[in-house]
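Protein sequences appear in the order of chains A and B. Each residue of the first sequence is one higher than the one before, counting from 1 in this note's numbering. Each residue of the second sequence is one higher than the one before, counting from 1 in this note's numbering.
Careful: at least some of the hints might be erroneous.
Rough simulated footprint, nothing fancy, chain A against chain B, three-plus residues with beta-carbon under 8 Å [unchecked claim]:
{"no.": "1", "stretch": "21-31"}
{"no.": "2", "stretch": "45-54"}
To give a feel for the contact side, a few chain B residues facing chain A, derived at Cβ under 7 Å [claimed, not checked]:
{"no.": "3", "residue": "A79"}
{"no.": "4", "residue": "L81"}
{"no.": "5", "residue": "I98"}
{"no.": "6", "residue": "T102"}
{"no.": "7", "residue": "F115"}
{"no.": "8", "residue": "W116"}
{"no.": "9", "residue": "S123"}
Hints in this document: simulated from the structure, not taken from any laboratory. No experiment lies behind these values; they were computed from the predicted model shown. Positions of the beta carbon are idealized from the N, C-alpha and C atoms, including for glycine.
There are 2 protein chains.
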Amino acid sequence: MAPSREAVRATVENYVKAIATGTVDDVLALYAEGATVEDPVGTPVRTTEAEIREFYGMVEPLTQTGGVVTLKIAQNNAAFLFRLVTHLGDQDLVMEVIDVMTFDDDAKITSMRAFWSEEDMQSTPAGE
Amino acid sequence: MAPSREAVRATVENYVKAIATGTVDDVLALYAEGATVEDPVGTPVRTTEAEIREFYGMVEPLTQTGGVVTLKIAQNNAAFLFRLVTHLGDQDLVMEVIDVMTFDDDAKITSMRAFWSEEDMQSTPAGE
């Protein structure tokens, strides 16, 4: 049975919050066992927990804010546009990405694919 | 070799234009031979030209306007949010969808998956 829309929405909101301001454990708690991560799309798929942990470990120390801009749900699939701002001293690195996820019956993430390229990152003076 | 970003962007822009105001032939011309269409995600995949032609044939007679809101490209993959307004007398049916596409070397569409559900359709008085 597909998870409810509310459960999928909660996982997506918690995911963006976790990558922005949470720990690697917060992020990993949203993933199902055996999940895969392809970020960005076209690069090798991370298939083990160790690989996924290492990937999110790169983001954990950064000072970030973020939020979901638009979320579309189709049964146990979701696609969403989100915005992530990394605060680097007097510069902000602004990134907008579309993620596609699949979910198990408990709304845990079974796969994540992130659509973006360098063109989707912009550096701006902090606070703008 | 992956198609250029400019070529992918042109196909996506032409696609949204074609479904809004073009003919089925305009849409089909953007697809590669053997392409697949899953719209919405979770429903049976259309795999033959006849099935794809029938699908877009349902949209062709409608009076619509549309545009790409946000496009993310990752090599020969793209995900984009677009807006389609169907004009039905004194009502407009507004729909926002995230499509995911893959492309061949000529930037023809090899697959399309559309993420949306009924919650993403809204009826409003015309012109608002």
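Hints and how they fare:
Under the rule that three or more residues need a Cβ within less than 8 Å of chain A, the assignment of the stretch 21-31 of chain B is violated, with 0 such residues. Coverage of the stretch 45-54 of chain B by chain A is violated. Counting CB-CB distances below 8 Å, 0 residues qualify, and the rule asks for three or more. Restraint check, A79(B) versus chain A: the minimum CB separation of about 4 Å is within 7 Å; hint holds. The beta carbon of L81(B) comes within 6 Å of a beta carbon in chain A, closer than 7 Å, and the hint placing it at the interface holds.
With a cut of 7 Å, the hint placing I98(B) at the interface with chain A holds, because the nearest CB-to-CB distance is about 4 Å. At about 9 Å, the closest approach between the beta carbon of T102(B) and any beta carbon in chain A exceeds 7 Å, and the interface hint on this residue is violated. Satisfaction of the interface hint for F115(B) is found here, the shortest Cβ-Cβ separation to chain A being roughly 4 Å, below the 7 Å cut-off. Restraint check, W116(B) versus chain A: the minimum CB separation of about 5 Å is within 7 Å; hint holds.
At about 18 Å, the closest approach between the beta carbon of S123(B) and any beta carbon in chain A exceeds 7 Å, and the interface hint on this residue is violated.
Checked against the numbered hints above, the structure breaks hints 1, 2, 6, 9 and satisfies the rest.
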